[in-house]
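Participant: Going down the list, the sequences are from chains A and B. Counting in numbering that gives the first Met the number 0, the first sequence runs from 0 upward without gaps. Counting in numbering that gives the first Met the number 0, the second sequence runs from 0 upward without gaps.
By construction, these hints were calculated from the structure, which means they are not laboratory data. None of the values given here were measured: they were computed from a predicted structure. Note that beta-carbon positions come from the ideal geometry of N, C-alpha and C, so glycine has one too.
If we take Cβ atoms under 10 Å as the criterion, some of the chain B residues that face chain A in the derived model are:
no., residue
1, Leu-170
2, Gly-190
3, Gly-198
Spelled out, the chains give:
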Amino acid sequence: MSILTVDDASISFGGVEALADVNVEIERGEIVGIIGPNGAGKTTLLNVICGMNLPDKGRITLDGTVITGWKPSRIAGMGLGRTFQTSQLFHGMSVLENMMVGMHLGSTSGLFAAAFHTKRMRDEEVMMCEKAMEALEFVGLAEFADRPGSALSFGQQRIVEIARTLINEPKVVLLDEPAIGLSVNRVAELDALLRRIRDEKGITLVMIEHVIRLVMGVSDRIVVLNSGRKIADGKPEEIRQDRQVIEAYLGAQVDA
Amino acid sequence: MKHLFGSRNFLIVLFGTLAVLPIFANQYTLFVSNLVMMYIILALGLNLLIGYAGQLAFANAAMFGIGAYGCGLLQVKLGMPFFVAAPGGAVIAMAVGTLMAFPALRLSGIYLALATLAFAQATQWAMLHWEAVTFGAGGFALEPLDFSPLPVSSAIGTFYMTWAVSLGLLLFASFAMRSRIGRAFVAMRDGEIAAEALGIDLLKYKAMAFAISGFYAGAAGALFVPILDFVSPESFDLFQMILHKSMVVVGGLGSIMGSVIGATLLVFLLEVLRDFKSTQEIAFGALLLGFVLFQPKGVVTFIRRWVPGWNEPLHYTDGTKQTKQAASTDEPVATEASEERT
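Can you build the whole structure from these sequences, using the hints too?
Facilitator: So, in structure tokens, the structure goes:
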């Protein structure tokens, strides 16, 4: 059974159809790339999946549960992580604290447990701290744990954000242009990291990406959107040869 | 890490000094000390809401008033003893505060500020004109608080009660903000969308922030009643709001110790200027403006820089959202299909 399915999702904003009857099936343990020209509806598709936009029509299923119409925080609780196009680190906190916010759902201590410093709450803080450090070590940024989030380079911030979504052991993580603003060397590191997330953590990744070398190299499957419609869905080699995709996205300069 | 001038030692000295004050202080000093402790509660409550949770609300003075009126009127109109009426006043303020979380779900920034300001003005109007309940502009007086089974005078009893409540609420706020709850507040302030994507329920945490903040202001209001033995609308006007806001900003948004320092400093300034009533508003307005423009992180930034061992979590904010910064670096560096074509 697919881990994530989008059935006939449609949504329009003020008469503009951002998504039209889009069907996507994501299998467990896959890396799926979503590509398409600007305005194709890629980010809208992610927003619809994670509950930030309510589709006009259609159904989203995560690991067998229909999640359409749920609040984003509740969907996150079902095991869906998400990163954004712009850096979304919390700048008023250290990197470690940012990571610990990622553990919000994996912890339960309430206001009074915190205020009265109960043993359970302190144990939980220690557990969260350890998990946060583990996740930072996984992405190779443990040495920055005590820095303020804003002190990191843009590329490092993006990696911390990815690590922050991993800490709570999600089933699926949606990545919105993770390579944006990264230098060529950094893109290669990201490529390796994404493979490790899939292989070592068994987390399914859905990634919007414009860096074609990255998306073609790392993805098991690619979905192509154009003007809110899915125009292709297949292995990277097939997508490369797809005439419709070449016309819509890669441009006429590519030799057919 | 143990340092002589750490924030914990600062608190021990401050509250230790206050604890022995009644032995040698005169009535005026006790009154000012009461005000310091009461304003610490008010500044903390406002800081949790504005500085930590990032909700730009302007109803703190109204909540302060609701706590005071609640405490006073439950005694005068319903004949409740103070020790029932005071928590009652705080709980009423908390309930009203919680309701404000609902508009805060839809409104943010300046719109939330305007809505809460309108609410504060409506509360002020009710205090002035709903005479059947609130006794109108003249306010009402109460008997000095009687601690009778205990062998303490009204003034001394009130002082230690304020001492204990302010210390308790200070520790509560400090622990809560260092915890998972505090991190959820700061996450909500620094990026609602990302916070939600990480599973933070915005309604729940906004309601919690408004409720705690309302409770703090209400508790301060209830303590204000035996300090003055008099309740009147002018104690809870817009100037009060500016005063609370100044304390939080001067001390440092998103810093518990900042609120303690800000409240203490500004109460002293208030007392120095007491003979020049009309200058108070100008002075505090100017101070607020000056800090917002030139030192938006408050005096705690200096202390953090110069005092070793002042180890407080860095939850401060300068009021800017990070998305603005990120937007400038939006240009992809190594992207586009061109890379593939070559």
